[in-house]
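Combine both chains into one complex, guided by the hints.
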Amino acid sequence: MSVHEQELPGIGRKFEIVVGKGDRIDVVIHHSGRRDLYIFERDAEDPSAVLKLTDDQARRLGSVLSGSYFKPAVVEEIEGLIGEFVVDWITLTDESPATGKTLAELQARKRTGMSVISIIRTKATIKAPDPNEVLRSGDRLVYVGPQRHLNGFLSYMLG
Amino acid sequence: MADALIALGGAFLAAGLLARLGGRIGLPTIPFFMAAGILFGPHTPGIVLVHDPAELELFARVGLIMLLFQLGLEFSLGDLISGGRSLIAAGAIKLFLNVGGGFLFGLALGWGVPEALVIAGAVGISSTAIVTKVLIDLERLANPETRLILGIVVVEDIFLAFYLAILQPVLDKASGVGESLLQVGRAFLFLLVLFAIARFGARFVTRLLGSEDDEELITVVFVGLAIIVAGFAEEIGVSDAIGAFMVGLILAETKQAHLIERLVLPLRDAFAAVFFFVFGLSIDPGSLGPVAVPVAIAVVMTLFLNVGAGVVVSRMNGFGRRQASNVGFTTLGRGEFSLILASFAAAAGLDDRIGPFVALYVLILALGAPVLASRSRWLARFIPERALRRKSVAGEAA
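One line per chain: the protein sequences are R and Z, in this order. Taking our numbering, the leading residue of the first sequence gets 1, the next gets one more, and so forth. Taking our numbering, the leading residue of the second sequence gets 1, the next gets one more, and so forth.
For reference, chain Z alone in the conformation it holds in the complex (with noise of 0.2 Å):
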């Protein structure tokens, strides 16, 4: 027991003084709590902190967990409606391109279809975390185009959920095609029930919380509920993810939905330290440099990708080039979504360069889009001016 309190504890401190370190100079913490955990781990000389990720694999599932559940919650789809055609547009653009590209790159590659399909994941997905800093750190929340770059996030998230639906059973190897059907209408059916308890069942699962004045209670309850739905989905086949993201939209629609949002945020900050640096755990250093030429393409693509939907979005609302660029590099950073996807497939058993080629990715691209982002201004002079002619005039009045 004292080796696993030491392990725990030295992971959650590891990780957040190596990323206030980080903090310092103005970059994200997923980053850092990864790499505390390939710094601590068994791979590396020095301390090694936990030896067997297995120790504290409850944890980190806690922490996956947590970080649905909190997207589920904070999920509107009013706010996307209300927000226009033009934020669907934006980010069902920028999924086309990332993701598409993604997927023919990790066809590419040669590792198999269902690798290609996580790869496709994580290139394409950008991260709602790294997204939300950088417009907060560069006082960017008043500019004519945050909006675009906001729904963009917002479709990615409810687009990371469906995908995740998608991809369990295409990664579970089910022996049969009968049995696979099964599964795929066993999940189905789950999914079915729990949006119709989201749209029904709001006035139940209220009462079920209790009242709004005792936050110790709800706080106990609405854990218990993400954690058990979670629980039962991957007993059901269709990944605790989903679970806990259901869940979250289940909660959304309750009266206690806001003091809901309040309490998740630590339980979601601590636990999801551990995933990450649980994650970190399992990267072997020596693994990063068979991997490195592929991330390198996979860096200059996704730079490539991602500033050619800010192009194609800021041009179907009238925006300059300046605008297109922060789009486009504001959207750069990827992170705990693609280190989810590359979890499953760890978990599925799929190619095992994918954890190494997904770290080192995002290692890049976390650390790489804030300092990007921030230069956007002077970046945007190589985008041809050409490409958003047709209405820059309007952008320039906006």
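One chain only, chain R, in its complex shape (with noise of 0.2 Å):
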């Protein structure tokens, strides 16, 4: 399967993907979040068929078809393997006891299980965490461990 990517000036982008034996869909998205789904068979000149959408609309089908309304067997199968363990984020706040520390002095996976594996600060900055970088108010922290830790965990960060 191939995705060709190409800019379409003053309406959006359009995402060329073709499938199976030359057989097309050409996915344009608009600037407005509309999205257009454009079928054609292969070689064809014209659509087989064309499916207008919203942003919303969009946005359901997709998670259809990634699977998050009905998991087909195989994605249960993956997921069984991670299947006891968590990866997620919190944001620390004022009034998190965690803000103003260093994850030094936290030492969090020792004493709760779960281990922070990340800090995003702002939208742009994600950092691998520095032992002694100071925790501020805002930054999310992204952790992973088992889920019977979570709990301890977010009560001890959060408070």
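Hints listed in this document are in silico derivations from the structure and should not be mistaken for laboratory results. Each residue gets a CB set at the ideal place from its N, CA and C atoms; glycine is no exception. One thing to keep in mind: the hints can contain errors.
Straight-line C-alpha distance at most 35 Å; calculated DSBU-like pairs for lysine-lysine [claimed, not checked]: (1) R:Lys14 <-> R:Lys52; (2) R:Lys110 <-> Z:Lys255; (3) Z:Lys255 <-> R:Lys127; (4) R:Lys101 <-> R:Lys127; (5) R:Lys21 <-> Z:Lys255.
If you want the footprint, here are the derived chain R segments under chain Z, 3+ residues with CB under 8 Å [as the list claims (entries may be wrong)]: (6) 22–35; (7) 44–52; (8) 105–117.
Now the structure itself:
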């Protein structure tokens, strides 16, 4: 499968996705958020179907396609492997006990069993955590660890 | 006051309801907004909503400012550059043929050189609104030649801005060489300052606009900026339209650009409709007869030049007859830009046949283009095969 991306000046972007034996799905994403799906059979000049979706409809269709609504058996197997682990993030506030401390001081893994694997600060910066970095209000901490330690970790970090 | 309110409300309603009728059969709105102005204006029998177009002049001006402001806001040099040289070349060829042809035609009419310049722009520049509508309605966004068409439209948008900028000093009847030089100098300086702000002042303007969370205040501030800079521009002799376009370019560089792009649309739609309506008010149907022959010639000329441009552009890109036909007929629509130029001519006191000429020309092409574009596959057979022979094999593979 190949995806080919193109600018459509003034309209948005076009993604050409070739599937199967040369059938093609073109997705046009408008600046307005609207999505058009053009379905071309192999070598056809005219689309055999055109679907116009709102932003919301497109997202739902997307999540159906990605398996979020109904998980095909294949996906469930993969999830079973990481089953009891959680990967998520928390956002620190002024009131959080962890705010103003360093990861070295906190010793989260030793005390709670969960590991902080990354600090996301403002929109752009993602840091590999330096143990001596002072945590600030608004920082997002990405953590990973066994499900059973989650509650303890949350109350330790966020109060 | 009551009269003015009834006139304004009537203008909106008449324009909106008439355009809805047209929309039912897939026709674009602009010719209907203008036609509403003609029908409910002082020159036709029946209901006269507005006796004196001057009553709505301020609102029409705001419409013009919003049209150009939005154009500046959406204009992205990055889009064009990343699209590559083929898009810029396509736009340049289409403009060269159509504006060039329009200028020669304008000279041949013998109405004068400034008049010829206005006609060149009015017959040369396609309507972005109609082209986009045709592409979406005919479901051609995924066609290979659509990028070329959109490239042409973007090149034309920026061309229009520059064209208006150089046209203004020509139209203003300055009293002497010294004064007009001074005026060009001032205009140039003003544009330079605005360009500098667009380039280096984005952070300052971002702060001026305020927080992205407050849509209300952002709206109030950007409307104020667009209108006041348009006013200063007019004062200096650069034309309000260019001022508004430049503010759009400046705001496009700010953090709030995407938000403003969304917020400006309803304002533009409403006030631009008034602009087209007010243009219609100034048209006396009786004045259309005398310009019918020049308009007919201009329409035929535009048809040939447009399809000719489609052929040249398609050949350069290795496309076939069908794509050439699509490019030619999709870009055939004329609308907002032609009417803006005609309103410039009226304001500058040029030959008063320009208004009716452009009105009739736009009416025919704005209504005819979507119909022809929907038959472009069939029309392609009239394009001589050998015009595209060189690379047409590659076109079929694409």
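Output the numbers, in ascending order, of every earlier hint that fails for this structure.
Numbers 2, 5 and 8 - these are the hints that the structure violates, sorted from lowest upward.
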